[in-house]
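**Student:** Sequence:
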Amino acid sequence: MPRIKICGITREADAQFAASLGVDAVGFVLAKSTRRITPEMARKITSSLPPFVSTVGVFVDMDLDSLRQIAAFCKFDWIQLHGSESPEYCRALDFSVLKAIRVSSRQSLKAMAAYSDSVGGFVLDTYVKGQAGGTGKTFDWVIAREAKDYGPVILSGGLTPENVKEAVCTVDPYGVDISSGVESAPGIKDHLKMRRFVEQVRYETRKG
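Using numbering that gives the first Met the number 0, you'd call the opening residue of the sequence shown number 0 and step up by one each time.
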């Protein structure tokens, strides 16, 4: 069964609802974004979550010392890097790391080989110029299927309750990651959409 991550959490109520649905992870954006959260609020939310819900901090090209301090303060389990961070940067972190790859074509996958020994998995998101993530746009999922040769693939980019079954069927990813597809406004999660998304992922898995 694909793991499920709800990203762009800004409110404790949304994180708690995600946990009640049995999601595997929740994500917090600490980079410039309409979903940006303060370290203080992220820590408050992570401290309130039950066991076995992983917390993921999303960063973009932050200096190592600052990232380490913020991640430790927030008590994150994983770090997700959405910038131009190098494999050496990834290895220098004392955290489990996910590296985001912004996909526009098969050529985008070439960068993955250099990171295979430095990260725990890859978040495949849609390339949109000037945006590091949270685009709400999909890419060719066949490419994501091919990317599994490089490591665990977490599919992101434009997922919704309406299209996630097809995405899971096409890619068979390690996990799925959604943000804008379960929102009523940036950073404000729609609990009905969250529930439908989780149900659709699990339905497709059970059916298969």
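FYI, nobody ran anything at the bench for these hints, they're computed from the structure.
Mixed in with the good hints there might be a few duds.
As the list claims (entries may be wrong) - Under the rule of at most 30 Å between Cα atoms (straight-line distance), these lysine-lysine pairs were calculated in the DSSO-like manner:
#1 K43 / K31
#2 K147 / K109
#3 K192 / K164
#4 K192 / K74
As the list claims (entries may be wrong) - Distance windows between CB atoms, simulated:
#5 G21 / P151: 15 to 25 Å
#6 M0 / E145: 16 to 26 Å
#7 S183 / E87: 15 to 25 Å
For glycine and all other residues, C-beta sits at the position ideal for the given N, C-alpha and C.
**Student:** All the hints need checking, so say for each whether the structure fits it.
**Tutor:** Against the structure, the hints:
no.	hint	verdict
1	K43 / K31	holds, 20 Å
2	K147 / K109	holds, 12 Å
3	K192 / K164	holds, 14 Å
4	K192 / K74	holds, 27 Å
5	G21 / P151: 15 to 25 Å	holds, 20 Å
6	M0 / E145: 16 to 26 Å	holds, 22 Å
7	S183 / E87: 15 to 25 Å	violated, 40 Å
This entry does not satisfy hint 7, going by the numbered hints stated previously; all others are met.
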